[in-house]
Each structure stands twice: as structure tokens, then as C-alpha cells.
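Q: The residues making up each chain are set out below.
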Amino acid sequence: MDIDQQGDLGEGSSTNRGIVSPGEIITSSKEYMRGHGTYVDEEQVVSSLSGTIERVNKLVSVKALKQRYTPEVGDLVIGRIVEVGSMRWRVDANARQDAVLMLSSVNLPGGVQRRKIESDALKMREFLAEGDLLVAEVQAFFGDGAMSLHTRSLKYGKLRNGQLLSVSPRLIRRLKSHFHHIPPPCGPSGVDIILGLNGLIWVSVGTSVESREGGEGFDAEGVYSNKNDDITPEGRQAISSIASIIKILAMYNIPLSDILISSAYEWLSSQREDDEDGISAEMGKRMVEDLTGVQVTAAA
Amino acid sequence: MPREIEPSINQREFVLRALAQGKRLDGRVPLELRNVELEFGDELGWCTARLGKTAVLAHVSATIVRPRDDRPYEGFLIINSEISPMASSVYEAGRASEDEVLITRLLEKSIRRTEAVDREALCIIAGEKVWQLRLTLHFLSDSGNILDCASIAAMTALRHFRKPEVEVSGRDVIVHSPDERAPVPLAIHHTPLCVSFAFFPDLPPIIDPTHLESVLSSGTLTLTLNAQRELCVLSKAGGSALSPGEIMGVVRVGVERVRELVKIMEDALRSDQSNRVIEVR
Amino acid sequence: MASSRLEILNDGGLRHDARRPYELRSLSLELSTHPNADGSSTVSQGLTTVSASVFGPREPKQRAGSVHDKASVVVEVGVAPWAGAREVRRTRGDKRLLEIAAAIRQTFEPVIMTHLYPRSEIAVHIQVISADGGILPTAINATTLALVDAGISLIDYVTSLSLGLHLTQPLLDLSAPEEADLPTLVVAALPSGKVTLAQMETRLHVDRFEEMLTLGVEGCGVLKTEMDRVVKDRTTRVVERMDKVIQGRITGD
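Residue numbers (full-length UniProt numbering), protein chains in the order written: chain A, 1 to 300; chain B, 1 to 281; chain C, 1 to 253.
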């Protein structure tokens with residue numbers, strides 16, 4: 001096998017830049033420490049995944065091309081309620097195990113600050129019922145590795161007025177902010193995008209910064225509302241255009257960022273006719289090539 | 001399915017440490033079988049095999065039926081082997097668990113697919129009348145390695161069984177009762193028997209694992225062999241990986257053990273025959 | 001049956017489909033063939049095509065299926081009605097299908113690093129799309145690729161191959177008519193040469209068996225090389241594209 005040639009973590013060869021597959025020997029465990037995606041066998045660090053080698057000082061890990069979301073404390077995730085339990089919700093957040101949202105980690109409607117009491121527990125299903133979507137932050141881990149979420153910020157909570165997309169978690173990188181706003185002319189009030197680190201993306205009708213973060217016009221009673229606001233046809237079209245852009249970028253495995261999405265929207269508005277809806281496959285391909293400079297022959 | 005309680009860490013450590021010293025909890029050495037006991041009933045083709053505390057009762061009966069149209073010269077061998085909760089509380093009545101499916105499939109493979117019984121010799125009149133043998137296995141108690149025990153019981157019962165003598169005159173068939181004429185044995189090509197091994201990481205393999213040993217093992221391997229050094233079935237489904245050398249090692253041990261088992265079986269059959277009052281061929 | 005009069009090996013030393021004894025059937029390996037699964041693959045070996053999709057590690061569908069210190073592996077095997085599989089009946093719960101499923105589960109349980117995924121479930125769904133011998137080996141190969149695609153930690157690749165014996169001549173990678181006539185051995189091995197699965201169900205002399213086993217392990221090594229090439233190709237392609245975008249002007253970094 002050609003493993004010996006890659007003794008120096010494959011950094012030497014530029015064509016095969018540290019790409020390994022399961023069972024491939026990376027380096028000697030005497031010099032390096034093993035990280036995620038590797039194991040030690042007979043004093044050798046061996047990869048257990050197919051992906052790229054990442055090295056931080058003496059720690060060697062392998063990042064898989066495609067993998068379920070691995071949560072970290074502080075991550076922003078989007079999830080769906082699967083079960084209402086006693087004093088807690090179970091949330092499917094596309095991870096290895098269902099996440100838990102404790103009743104004590106949510107805000108009460110109206111933003112009242114107090115200890116949760118029994119009468120709140122009885123009203124849990126009124127706040128969040130099975131099937132509801134929410135955006136939350138990873139607060140901590142339980143002993144068994146399941147994550148505990150919290151929504152104790154006005155930015156977090158139940159999601160409405162939009163559409164959910166699911167992409168590979170690898171395409172969403174940790175950024176300073178995961179809440180993005182694309183201003184008009186993209187729809188009458190713009191479009192909001194929430195990039196969840198677990199690969200779920202929420203695209204919804206745009207709101208102003210103040211009303212999002214509890215300033216002027218913040219509807220404190222409406223946090224747990226189940227009703228969508230009235231969205232104009234133009235607003236709906238803007239949402240679906242953004243959603244299509246994200247889907248196309250994800251199809252070609254392009255890492256997502258707010259700048260990329262908004263430039264894609266600008267590109268699209270400059271290219272297509274006014275009465276045209278949707279994006280053809282051909283156009284999507286041109287968009288990706290123009291924006292990223294990557295030649296896309298086939299979706300990988 | 002009610003899941004079994006896993007053995008405790010202490011128990012696991014104890015078994016593994018003992019094995020590392022070449023000792024097993026019931027006083028055997030790694031490559032030693034438990035005591036095989038064969039017991040015959042009054043009827044022919046009725047046999048209980050005991051392997052330590054594991055016990056299986058096998059019973060063979062024969063009826064005359066019509067053959068299949070595409071196989072007019074062949075009789076039938078039907079194997080009934082449902083594991084009831086009587087054997088062990090892990091088995092559930094009615095629904096077949098995965099273990100149960102694997103046991104019945106292996107039995108079927110090692111008895112039927114290896115053509116141990118000559119099915120053409122079961123023909124009476126081609127296309128009209130053939131013998132249908134029904135081998136019923138009752139799993140009486142399971143303290144590990146029930147498969148090997150069942151295969152010993154099944155083959156002994158088949159060799160112990162005698163079918164009534166029949167006489168064909170034209171299209172008529174006369175079945176003679178055992179009182180009139182001595183019943184005839186089945187035409188048996190060979191005696192395939194199962195032997196199972198359990199493997200542990202960094203330890204030599206053991207033969208005939210008890211229930212506890214097989215739960216703690218990292219993988220098992222079952223061989224079906226006959227006295228002619230022929231390998232009839234080999235089944236190693238997953239478990240820890242072995243080198244071809246290790247596999248050949250246990251195959252060679254298996255050959256020896258099967259030869260011993262066949263001898264025990266033949267001795268038991270012979271002594272039973274000498275005790276019977278009625279004439280048997 | 002017509003197949004019993006098939007000429008297994010003709011005077012020129014060729015098999016009924018004009019292969020030489022040690023020649024494998026044409027192999028096609030595809031990754032990520034299922035749009036929603038965490039990992040998936042379609043593998044064709046000759047006229048046998050099997051697709052595997054892996055879901056997980058995820059919350060177990062049945063709470064009772066969760067094990068506190070490792071992931072549980074669930075395997076389900078189905079045969080498409082048009083697959084033309086004579087050896088297995090197509091109903092769910094058929095004993096032979098359950099046996100294949102159990103063999104796959106037991107093969108992969110020690111290979112998947114299950115201790116990394118406590119209280120989760122890894123579900124493998126196998127669908128036989130067309131059958132021409134060697135369902136089990138093709139299914140094992142497809143499962144390996146699907147698990148790699150899903151980014152689940154594996155000790156190493158597992159590859160599998162069927163082989164038969166005609167008189168004294170071993171034949172590799174049997175088609176259905178050959179499988180019906182010859183003693184057949186299915187071997188699954190790790191690249192280290194260790195055998196994880198071996199199944200045989202026809203009479204064979206012990207001495208011949210050893211030869212076949214060694215040959216099978218060697219054949220598995222060839223398959224591993226092919227698989228690794230496909231996996232590496234795909235990984236390289238995707239990684240290069242992502243690097244280009246990240247380094248590109250547009251992200252504004």
C-alpha cells in the first residue's frame with residue numbers, strides 16, 4: 001500500500017492533500033496524539049473515516065466528508081419537538097441522540113422572569129407541541145452524551161413565517177452570527193436566514209432588527225404563536241428564491257455563508273427576466289460557476 | 001423480546017482470567033466437550049441427547065404421501081424445530097427470535113442440504129407414494145450450545161429410526177407392521193454433526209461453549225463435519241476477525257471431535273440394539 | 001432443472017459467461033445514491049445489484065433498542081419483486097433473509113466503532129435490486145461503502161466474495177447457475193487478511209477448504225483496492241471543490 005509515502009501526514013504531496021480512508025495508517029502514535037476519527041493500533045495512528053487529516057500541534061484527527069452533526073456547547077441548532085415529557089421536551093436536532101430542552105431553559109410568553117411552577121408544566125404543550133420547529137443553543141451535555149438546549153434569549157424560540165431546508169452539516173461553518181438578514185429588494189421586508197450548525201436552515205420573511213431582538217415592535221405575547229403572519233406574494237417569492245439558491249449551492253457541496261447567498265441573489269436578479277420563476281438546472285450551474293469559480297461537471 | 005441480563009463485570013473478569021490460564025468454570029480444558037449422553041425411548045427413532053445440562057429430544061416418524069410432481073422419485077424430510085420458552089426464558093413462544101432463526105437454519109443446512117438421508121431411497125412407487133419423514137426436535141433445556149446438541153440428537157434419532165417394511169405388488173402397497181416383519185433402517189449417506197467454537201480476544205478458542213461463555217465471547221464459529229473428514233457447513237457470521245490459519249486450526253480440532261462423537265453415537269446405538277427384544281436390522 | 005446440465009468449465013478453461021476461473025465479474029461501486037440517507041451506496045457485481053442505505057447514528061426507533069455504552073446495529077434485508085432471486089423468497093420475515101441480515105449485522109458489529117456512539121442506533125437497509133448469485137457478498141460490500149459514506153467510524157474496510165470449487169479448480173465470484181451447482185464459500189475479510197465471515201453449506205473435503213479460504217482472502221484484497229480508489233476519488237473531488245470555494249474571493253475571508 002502507498003501509506004508509507006504519506007509518512008509526513010500527506011502534506012508533501014499536493015495532489016492528495018491528506019486524504020485518508022478507513023484503515024489507513026496516518027502516523028506513529030509515539031509522535032502524535034490521536035483525535036476524533038482515528039484509533040491507535042500497534043503504535044500507529046489509524047484513520048477510521050474517509051476524509052481529510054486535520055492537525056493541531058500534536059493532535060491528529062480526521063474530519064469526515066459527510067457525517068451526522070456532532071454538537072458542541074454554544075452551537076446554534078434548529079430542531080423539531082418529538083415528545084413532550086415531564087418538565088422537558090425531546091427535540092430531534094439531526095444528531096446522534098435526541099436533544100433535551102428543559103422547561104427551565106425556555107422563556108415564558110411575555111418575557112416574565114420567574115421560577116417555572118406546576119401550572120407552567122401543565123401548559124407545556126401550549127408553548128411547544130410535537131412537530132413544532134425551534135431554534136436554540138446547545139447549553140450543556142448530559143452524562144450519556146445527549147445535548148441540552150436552551151432558548152433563553154429573544155433570538156431563540158419557536159419558528160414560523162418560513163421554510164425549513166436540510167443540508168449536510170459540513171457545509172455550515174461556525175461563524176460570528178448565524179442569523180442573517182438579506183435586505184430588500186429581496187422581498188418587501190427582506191428575508192431572514194438562520195443557519196443551524198446541525199445542517200438545518202430556516203428561511204423566513206424578513207423582520208427588522210428591533211423587532212427580532214426585543215426592541216420596538218417586539219411581539220412578546222406572540223413568541224409561541226402557531227399562526228403565520230400574512231406574507232405578501234412577493235415576500236413568498238423571495239423566500240422560495242433564497243431557498244432554491246441554498247438548495248443548489250448545497251447540491252454542489254458549496255459551504256454556505258450569508259455573503260455567498262446574498263451575492264447569489266444579486267446574480268440571479270441580474271440574470272433572469274422579471275416574470276421568470278424558479279431556477280433551471282442550467283442556470284443553477286452557471287450561478288455556481290460564476291460565483292465560486294468552480295467547474296461543476298457533476299454533483300458530487 | 002425480553003432482553004437478558006448481561007453478566008456482571010466480576011463474572012466476566014473471572015471467566016476470562018480463568019480462560020487465560022486454560023481453565024473453564026466447569027472444569028474442562030479449552031478443547032474438551034461436555035459429557036455426551038444419549039438416551040433412547042421405547043419407540044424407534046426417539047432419542048434424547050444431553051450435552052452437560054443442555055438437552056434436546058429428537059423424534060422421527062414416517063408417513064406415506066404423494067411426491068412432488070417435479071421430483072417423483074424423492075421422499076421428504078421435514079424438520080420441525082421450534083424453540084419453546086421451556087428451554088430458556090430468553091425464547092419467546094410464537095415469535096422466532098434471531099437466535100432461533102439461525103439455529104433452525106443451521107440445522108436445516110447441516111441435515112437436509114448435506115443430503116445425510118437418501119431421499120430417493122424413500123420412494124415406494126415413483127410419482128405416487130413416497131415416505132415422508134418428520135424429524136421433530138424438542139429443546140428441553142438450554143445451557144449453551146443447543147445447536148450441537150440438537151444435531152447429535154437429530155442424527156442419532158435418524159439412525160435409530162426404522163421404517164416399516166413395505167411390499168409393492170403392482171400398484172398396491174402392503175405395509176408390514178413391525179410385529180410381522182422387521183422394520184428397515186433409513187439409507188444414511190453420512191453422519192454430519194455440528195461442533196461450535198467460541199473465540200475470545202487474545203485467547204485460544206474453546207469448543208462447546210456454555211451459555212455464559214458464548215455470551216462473553218467475541219465471536220463463535222460452527223462447523224458441520226462428518227467422519228470422512230468432509231466439511232459440510234461452516235458458519236462464522238461476523239464476530240472477531242480470524243486469520244485463515246486460526247480457522248484451519250479449529251477445523252482440524254473439529255474433525256477429531258466429530259470422529260469421537262460418531263464413535264460415541266455408534267456405541268450407544270449398538271448397546272441399545274442389543275437390549276431390544278424385537279428383531280431389528 | 002436446466003442449470004444442472006450447465007458446463008461449468010469448458011475445454012478452453014472458460015466459464016459459462018466466458019470468464020477465466022479467477023476472473024471477477026464487472027464491478028461497479030457508487031456512493032451516495034440515496035438522497036436522504038446519512039450514507040448510501042449501490043454495488044453491482046455482474047448482474048447482481050444491491051443498494052444499501054445507512055441511517056444514523058440516530059435516536060433508536062424503539063427505546064428498548066438502546067444500549068448504554070455503545071450503538072446498536074439494526075440490519076434489514078429486502079428483495080425487490082423483480083430481482084429474480086430464486087434462492088430467497090421475497091416475503092419479509094423469510095428465514096433466509098433474516099439469516100442474511102443477521103450475518104451482516106454480526107459482520108459489522110465488531111468493525112463499526114460502536115463505543116463512540118452510545119445510546120444510538122445505526123440502521124442499515126439493504127435492498128437487492130437484481131440477483132444473479134452472491135447476494136450476501138455484494139450486500140456486505142455495499143454496506144461497507146454506505147457506512148464509509150455516512151462517516152461512521154470503522155476499523156477498516158470489510159470486503160466479501162463468493163467462491164466455488166469445480167472438481168479441483170476453484171472459481172471466484174460465482175453467478176447464480178454456478179452457485180446452484182458448486183460447493184460455495186462466502187468469505188468476508190479485513191485488508192489485514194483476517195476473516196470476519198465465512199459461510200459454506202455444501203460438502204467439501206477439509207484440505208480443499210484451506211485452499212479456497214486463502215484464495216478468498218486474496219480476492220477480498222483486490223476488492224478493497226477498488227473500493228478505496230472509488231472512495232478516495234470522491235473524497236478528493238469534494239474536498240478540492242470546498243477548498244476552492246473557501247479560498248475563493250466570494251466568501252470574503
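One or more hints might be untrue.
With a straight-line cut-off of 27 Å between C-alpha atoms, the simulated DSS-like cross-links for lysine-lysine are [stated by the list, open to error]:
| # | chain 1 | residue 1 | chain 2 | residue 2 |
| --- | --- | --- | --- | --- |
| 1 | C | K70 | A | K247 |
| 2 | C | K244 | C | K194 |
| 3 | C | K244 | A | K63 |
| 4 | A | K158 | A | K227 |
| 5 | C | K61 | A | K30 |
| 6 | A | K63 | C | K95 |
| 7 | A | K285 | C | K244 |
| 8 | A | K63 | C | K70 |
| 9 | A | K158 | C | K232 |
Heads up, incomplete: computed chain A residues facing chain C, CB under 10 Å, no partners named [said to hold, decoys possible]:
| # | residue |
| --- | --- |
| 10 | G23 |
| 11 | Q67 |
| 12 | V82 |
| 13 | D92 |
| 14 | A95 |
| 15 | K155 |
| 16 | K158 |
| 17 | S225 |
| 18 | K227 |
| 19 | A281 |
Examples of chain A residues toward chain C, derived with CB under 10 Å [to be verified]:
| # | residue |
| --- | --- |
| 20 | E31 |
| 21 | M33 |
| 22 | G35 |
| 23 | H36 |
| 24 | Y39 |
| 25 | N57 |
| 26 | L59 |
| 27 | K63 |
| 28 | K66 |
Source of the hints: derived by calculation from the structure; they are not laboratory data.
We put the beta carbon where it would ideally sit given N, CA and C, even for glycine.
Q: Which numbered hints does this structure break?
A: 1, 2, 5, 6, 9, 15, 16, 17, 18, 19, 20, 21, 22, 25, 26
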